[in-house]
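From first to last, the protein sequence lines are chains H and W. Here the first sequence stands for residues 11 to 115, numbered as in my numbering. Here the second sequence stands for residues 66 to 479, numbered as in my numbering.
A couple of the hints might just be wrong.
Here are the simulated DSS-like cross-link-like pairs (lysine-lysine), alpha carbons at most 25 angstroms apart as the crow flies [said to hold, decoys possible]:
(1) H:K112 - W:K273
(2) H:K97 - H:K112
(3) H:K100 - W:K410
(4) W:K343 - H:K88
(5) W:K132 - W:K229
(6) W:K253 - W:K431
(7) W:K343 - H:K97
(8) W:K273 - H:K110
(9) H:K112 - W:K277
(10) W:K273 - W:K476
(11) H:K110 - W:K253
(12) H:K100 - W:K229
(13) W:K253 - W:K300
(14) H:K97 - W:K410
(15) H:K101 - W:K273
(16) H:K112 - W:K410
(17) H:K112 - W:K343
(18) H:K110 - W:K229
Since the hints were made in silico from the structure, they are not lab data.
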Amino acid sequence: MTTTTIAGHEVEVNEEGFLTNPAQWSEDLAPELARLIGIETLTEDHWKLIRFLREDHAAMGETATLRRASTQTGMPVKTLFTLFPVKPAKKMAYVSGLPKPKGCV
Amino acid sequence: MTTTTKNLVVLGAGTAGTMVVNKLRKRLPATEWAITVVDKDDIHDYQPGYLFIPFRMNKPSQIRKTKRPYLNDDVNLVFGEVERVDAEASQVHLADGTVLSYDQLVIASGTTPRPDQTEGMLGEEWHKSVGEFYTYDGSIALRKQLDAWTGGRLVIHITELPIKCPVAPLEFTFLADSYLTERGLRDKTEIVFVTPLDGAFTKPMASKRLGKLLTQKNIVVETDFMIESVDQEAKVIRSFDEREVAYDQLVTVPLNMGADFVAASGLGDELNYVPVDKHTNRSTAYENIWALGDASNLPTSKAGSVAHFSVDVFVENFEDAIAGRPLSQSFDGHANCFIESGGGKALLLDFNYDTEPMGGTFPLPKVGPMSLLKESRANHLGKLAFRHIYWNALLPGHPLGLRADMQIAGKIPV
Chain H
11 MTTTTIAGHE VEVNEEGFLT NPAQWSEDLA PELARLIGIE TLTEDHWKLI
61 RFLREDHAAM GETATLRRAS TQTGMPVKTL FTLFPVKPAK KMAYVSGLPK
111 PKGCV
Chain W
66 MTTTTKNLVV LGAGTAGTMV VNKLRKRLPA TEWAITVVDK DDIHDYQPGY
116 LFIPFRMNKP SQIRKTKRPY LNDDVNLVFG EVERVDAEAS QVHLADGTVL
166 SYDQLVIASG TTPRPDQTEG MLGEEWHKSV GEFYTYDGSI ALRKQLDAWT
216 GGRLVIHITE LPIKCPVAPL EFTFLADSYL TERGLRDKTE IVFVTPLDGA
266 FTKPMASKRL GKLLTQKNIV VETDFMIESV DQEAKVIRSF DEREVAYDQL
316 VTVPLNMGAD FVAASGLGDE LNYVPVDKHT NRSTAYENIW ALGDASNLPT
366 SKAGSVAHFS VDVFVENFED AIAGRPLSQS FDGHANCFIE SGGGKALLLD
416 FNYDTEPMGG TFPLPKVGPM SLLKESRANH LGKLAFRHIY WNALLPGHPL
466 GLRADMQIAG KIPV
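Build the full structure now, drawing on both the sequences and the hints.
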């Protein structure tokens, strides 16, 4: 675990760069985290997902899978791939300051 | 003194449902508890056998029986389609209008492959060039396909996790490699393993070992593949990120979902699994509802071993619950999975919520006879023998002498 500075905040991250403490995240971190993985602008749709992920994590104690994010927000999986290309589940979690979804056991 | 008989209703007489009613019937006096189990038909399949059918390692007749002989005589068996559970009223409604009232309810309706959930998967070629081995009919159809195989691209594919027996697709891949080698068709066959995961398996240590085996056997792995559709005409599967994998024979594992009545009753998550406490299998929404086996959202493998170990813990807790005591037992997520690796050998994985699969021996420290995380003949024989144990000891609820919780003695971290 290492400490780094993102958007002026000191945060702890794991070896993959995911925040290890969701409480260290705040909305002003999101655009910078997004930029680090090649997403230049966060649209309203991005925010809809990020806010869902944050609320769902707080309620459920774990990061929503792609399917859960899709069914709960009503956004088709295809759209999630457009918003967070290639690995949407991991990228959404990364930008939202959450651990990557387990979903697979 | 008069006593009113209470009702335990169990939905589903598969592996978990059968074990639980047989175990509880021995513990609960019939004067105090009536036990009713509901299922849609009288067929009980030994599901691990589906994997062996295409390779002629099991005959269909060895894996299919009727339900009644495996249920305690003092358990009521009701045939019917569950329409919904009215949890507020503690009633189960069947499609034919029957209403069953319960004091305690166990949902053990499992998980089902749902090819209808992926565009293009069902169609003319379903159970032909688009095959699957998670149903009785599917595994027999696949046997026919393999019989006629002369070479080409064989693609084994997982739609999405979680699935029943998550190691089965890998086993199918290893068995296909071995089967085609024996038939002199391996050089004419390209085998591709397509997964939505970023590696061969879900657990990092096992994933590394199994990934190595795939490489050794010259099997190509396509990772992070989230399927969008099957194109039966072009014979390709397409992912959401616009990759295509061509096949001559596709062996897919469709999306797995819990029963539709779970959703209709408002008791399920987005895949119709019942949210439960992961240590007790008790519904997080209703104190008198429990979900066992594949029907729950337990964060461990959907597997018969998990059903077995968690049922052992559940029966103790159930007695606590009906006596008004706090639940005394805690399930640790223990799973125990044989992995056929071809050539008459198998690996064995043993893990729980907190502990990754380890090396060593099972079930006895140092003695074994089975070895963990590496290929051996004894593991393969153990897997073959388990069919008899299943019918004759596991379903009737006889103790197998295996502890429900994972043991660390005799295990070696790898």
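Hints and how they fare:
1. H:K112 - W:K273: holds (17 angstroms)
2. H:K97 - H:K112: Holds - the C-alpha atoms of H:K112 and H:K97 are around 14 angstroms apart, at most 25 angstroms.
3. H:K100 - W:K410: violated (36 angstroms)
4. W:K343 - H:K88: With Cα atoms ~32 angstroms apart, W:K343 and H:K88 exceed 25 angstroms; violated.
5. W:K132 - W:K229: Cα-Cα ~21 angstroms, so holds.
6. W:K253 - W:K431: Roughly 42 angstroms separates the two Cα atoms, so the pair is violated.
7. W:K343 - H:K97: violated (28 angstroms)
8. W:K273 - H:K110: Holds, at roughly 19 angstroms.
9. H:K112 - W:K277: It holds: about 23 angstroms lies between the C-alpha atoms, which stays within 25 angstroms.
10. W:K273 - W:K476: holds (18 angstroms)
11. H:K110 - W:K253: violated (40 angstroms)
12. H:K100 - W:K229: Holds, at roughly 24 angstroms.
13. W:K253 - W:K300: holds (18 angstroms)
14. H:K97 - W:K410: With Cα atoms ~36 angstroms apart, H:K97 and W:K410 exceed 25 angstroms; violated.
15. H:K101 - W:K273: OK: H:K101 and W:K273 at ~24 angstroms, within 25 angstroms.
16. H:K112 - W:K410: violated (30 angstroms)
17. H:K112 - W:K343: holds (15 angstroms)
18. H:K110 - W:K229: Given pair H:K110, W:K229 holds - Cα atoms ~22 angstroms apart, limit 25 angstroms.
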